[in-house]
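Engineer: Residue-level listing of the chains:
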Amino acid sequence: MDKRAVFRSWWLPTAFALPQLALIALFFYWPAVAVVRWAFTLEPPFGGSAEFVGLANFRDVFADPLYWNSVVVSLTFALAGTLSTIFIGLVLALAVDRQLPGSGAVRFLYILPYAIAGPAAGMAFRFILSPERGLMASVNSVFPDFWNPAKYGSHALILVIVVFAWKWAGYTFIFLLAGLQSVPKSLTEAAAMDGSGPIRRAIDIQIPMLAPTLFFLTVIMMTEGFVGADTYGIVARTTDGGPNHGTDVMVYRIVEEAFRGLNYSGASAQSIVLIGLIMIFTFIQFRFVERRVHYK
Amino acid sequence: MKISVLTSVLAGLLAATTLTATTTPAHAEKTKFEFWYGLSGDLGERVQEACSKFNQSQGDFEIVCTSQNGYDTTLQNTIAAYRSKKQPAITQIYDAGTLDLMLSKAFIPAKTLMADNGYTIDWNNYFGGIANYYATAAGELNSFPFNSSTAMFYYNADAFAKAGIDFKPDTWEQVEEAARKLKAAGYECPMGMSFDTWATMEQFSAIHNQPIATQANGYKGLDAEVVFNKTKFVDQVKFLKKLADEKLVVVKTKQLGMDVVPAFTSQTCQMIQTSVADHGTIGKTMPESVKWDMAMLPVWKGTERQNSLVGGASLWVMAGRPEAEYKGAAAFLNYLGTPEMTQWWSTVTGYIPVTKTGFDAMKANGFYDKAPYKGRELAIASLTYTPTSENTRGIRLGGFTQIRKEVGTALEAIFMQNADVQTALDQAAERSNTILRRFEKTYAGQTLN
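Respectively, the protein sequence lines represent chains A and B.
Each residue of the first sequence is one higher than the one before, starting from 1 at the first, in our numbering.
Each residue of the second sequence is one higher than the one before, starting from 1 at the first, in our numbering.
Some hints here could point you the wrong way.
[Unchecked claim] Once the Cα atoms are required to be at most 25 Å apart in a straight line, the calculated SDA-like pairs of lysine to any residue come out as:
# : chain 1 : residue 1 : chain 2 : residue 2
1 : B       : Lys-85    : A       : Phe-28
2 : B       : Lys-168   : B       : Gly-302
3 : B       : Lys-247   : A       : Ser-138
[Claimed, not checked] Over the 12 Å line for every Cβ pair with chain A, so calculated as not near, a few chain B residues:
# : residue
4 : Lys-30
5 : Val-299
6 : Arg-321
In short, the hints are calculated from the structure, not lab data.
The structure displayed is predicted, hence computed values, not measured ones.
Where a beta carbon is used, it is the ideal one built from N, C-alpha and C, also for glycine.
Please construct the entire structure, taking both the sequences and the accompanying hints into account.
Structural biologist: Okay, structure coming up:
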């Protein structure tokens with residue numbers, strides 16, 4: 001039997017919730033409303049007559065082939081970024097979970113990249129992986145253009161995904177390690193006594209038990225890849241969306257359009273489409289993937 | 001008894017508060033006003049120095065100067081501040097943001113401000129090539145030219161001597177010849193280039209008297225359309241691409257590992273085009289034993305050279321501040337315009353003096369004969385080479401930052417991915433025109449004055 005404590009008056013709980021509600025309204029709903037208003041009007045940046053233009057801003061966005069290019073780039077980036085961060089985080093977590101000598105120290109090291117801001121990591125990797133001056137310069141001198149993110153869009157996309165994975169693998173690692181620690185030791189020990197090796201145990205026992213964590217991380221990483229501040233920071237610091245729109249992810253496009261192009265209306269329309277896309281993806285994930293996740 | 005104690009205490013408190021209230025505002029307060037600027041690092045510190053010089057020079061006003069760390073952030077922050085009615089009195093806006101400010105009605109024209117506050121300014125004292133960029137079509141200044149530059153051609157004189165080149169690269173034919181000789185002498189990168197359009201497109205078009213857009217580069221109306229895909233600029237890109245294919249021109253961008261200026265100072269590349277504002281940096285970074293020189297941008301043989309375009313930023317006085325602040329702003333802008341301040345600013349930064357008297361004073365002092373500054377007068381020569389024509393007055397196009405990016409992307413596609421020159425530039429022009437039409441629609445009903 002649950003024993004419940006209930007407020008007798010309605011105003012006291014409301015008063016408790018009020019600061020939180022005010023913050024949400026101020027920092028979430030109010031900007032969201034402003035974006036919606038902007039998306040349906042054309043307004044000069046300094047203010048003035050905001051002319052209602054209906055769906056014209058959306059039509060402009062959809063009519064632009066480069067917009068669809070950025071949707072494809074964003075999808076590729078978010079999917080590849082999510083899969084690689086989770087895969088790397090999982091391998092590292094499984095290894096650290098075995099409690100071999102030194103795992104305490106490496107656990108700390110694995111988390112460390114997460115503490116570094118995306119733009120800073122992007123800046124560092126731009127130098128490390130620059131085709132003429134970085135680590136790959138010696139390879140390039142033997143095989144010209146073996147690695148050239150300034151020339152090939154695919155290389156540039158790999159570059160930004162590498163930076164993203166480098167940073168966010170530490171984040172997935174924390175969650176997956178915590179998840180692994182709640183897998184009953186008796187199960188893995190029993191499997192070990194039956195003669196199965198670490199990989200067999202991981203595939204048959206640990207990973208299935210991690211399903212809720214993996215699902216959670218997929219949702220978070222997809223969202224981060226699509227709209228994360230880091231995604232913008234990494235692209236802005238490494239490739240500037242290039243070469244020739246090869247890494248023009250949606251958030252980068254929106255920020256550029258709004259703040260360099262001062263096209264607040266077009267950028268707002270793109271933001272709303274992006275929000276819609278994320279809602280669809282999250283819905284798909286919950287509707288079709290979560291069904292296969294067992295929490296207990 | 002109790003009550004009387006309470007009342008006496010209250011009376012005492014009251015007396016104390018009234019006493020403090022009457023004693024404080026004895027001396028007159030200085031009028032404070034704000035100035036936002038985009039320069040950062042070393043140049044930002046020089047701006048701070050100018051502010052403190054002004055604060056020490058008089059006792060009526062106090063200017064508070066804040067760096068917004070970048071030209072584009074200064075514009076964004078000014079917009080945000082203006083919309084929430086917290087704008088600074090003075091803000092520094094870069095060349096590409098000029099039209100947005102002009103159409104905003106959020107500023108006080110330079111001429112009005114100075115006249116209202118009792119300053120007589122000889123507006124003809126500004127170099128025409130500089131003032132025209134920031135003036136109305138009728139020639140009246142809206143903002144104050146502040147930090148001004150133009151693009152120049154830098155070359156490594158030692159490398160030229162070693163390769164047996166005995167001429168200065170004044171024409172593009174000579175640049176090609178020099179590049180071939182440098183290549184033959186074993187130099188890997190005779191000329192470095194980036195996808196920055198400022199020198200390659202804007203300055204090239206100006207000095208060759210080629211339009212970038214119709215309607216006098218946008219000065220005559222918001223219905224301007226870009227035409228850079230139909231001018232000599234196309235031939236120039238084809239020429240550069242041909243040289244690039246022969247490895248006579250080498251692309252240097254930060255994505256590849258090194259931009260053009262470090263490529264020049266590390267003696268990787270022997271010729272580059274960049275701003276005169278880099279003159280100081282190059283002088284400081286280049287080893288002292290290496291001889292290098294700066295020239296005006298090359299033209300094609302047989303071209304009647306025109307003046308080049310001014311780059312940099314100007315100072316705008318924002319509307320909607322209390323009247324007293326404008327007195328201070330006018331005093332500050334007047335102070336910056338004095339010959340002494342003009343000379344100080346040009347000396348410590350490398351930006352060119354914007355007024356004729358400032359330039360003359362510097363020439364008279366022998367500033368341009370001294371070693372680290374020698375040659376900088378060429379920038380003035382380039383800017384004032386001819387009176388401005390329709391094509392060299394400036395560029396007044398909406399969303400110009402984005403147009404620059406479109407052209408930069410086209411160059412990227414041409415030089416890195418072998419896209420066809422004409423097709424890539426046509427695409428950039430088409431996209432630029434879309435940007436211009438949207439800008440026109442955003443400011444529907446407004447006309448340029």
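Engineer: Now tell me if each hint is right for this structure.
Structural biologist: Results of checking the hints against the structure:
1. B:Lys-85 <-> A:Phe-28: holds (22 Å)
2. B:Lys-168 <-> B:Gly-302: holds (16 Å)
3. B:Lys-247 <-> A:Ser-138: holds (20 Å)
4. Lys-30: holds (30 Å)
5. Val-299: holds (30 Å)
6. Arg-321: Holds: least Cβ distance 15 Å, greater than 12 Å.
Against the hints set out earlier in the document, no violation occurs for any number.
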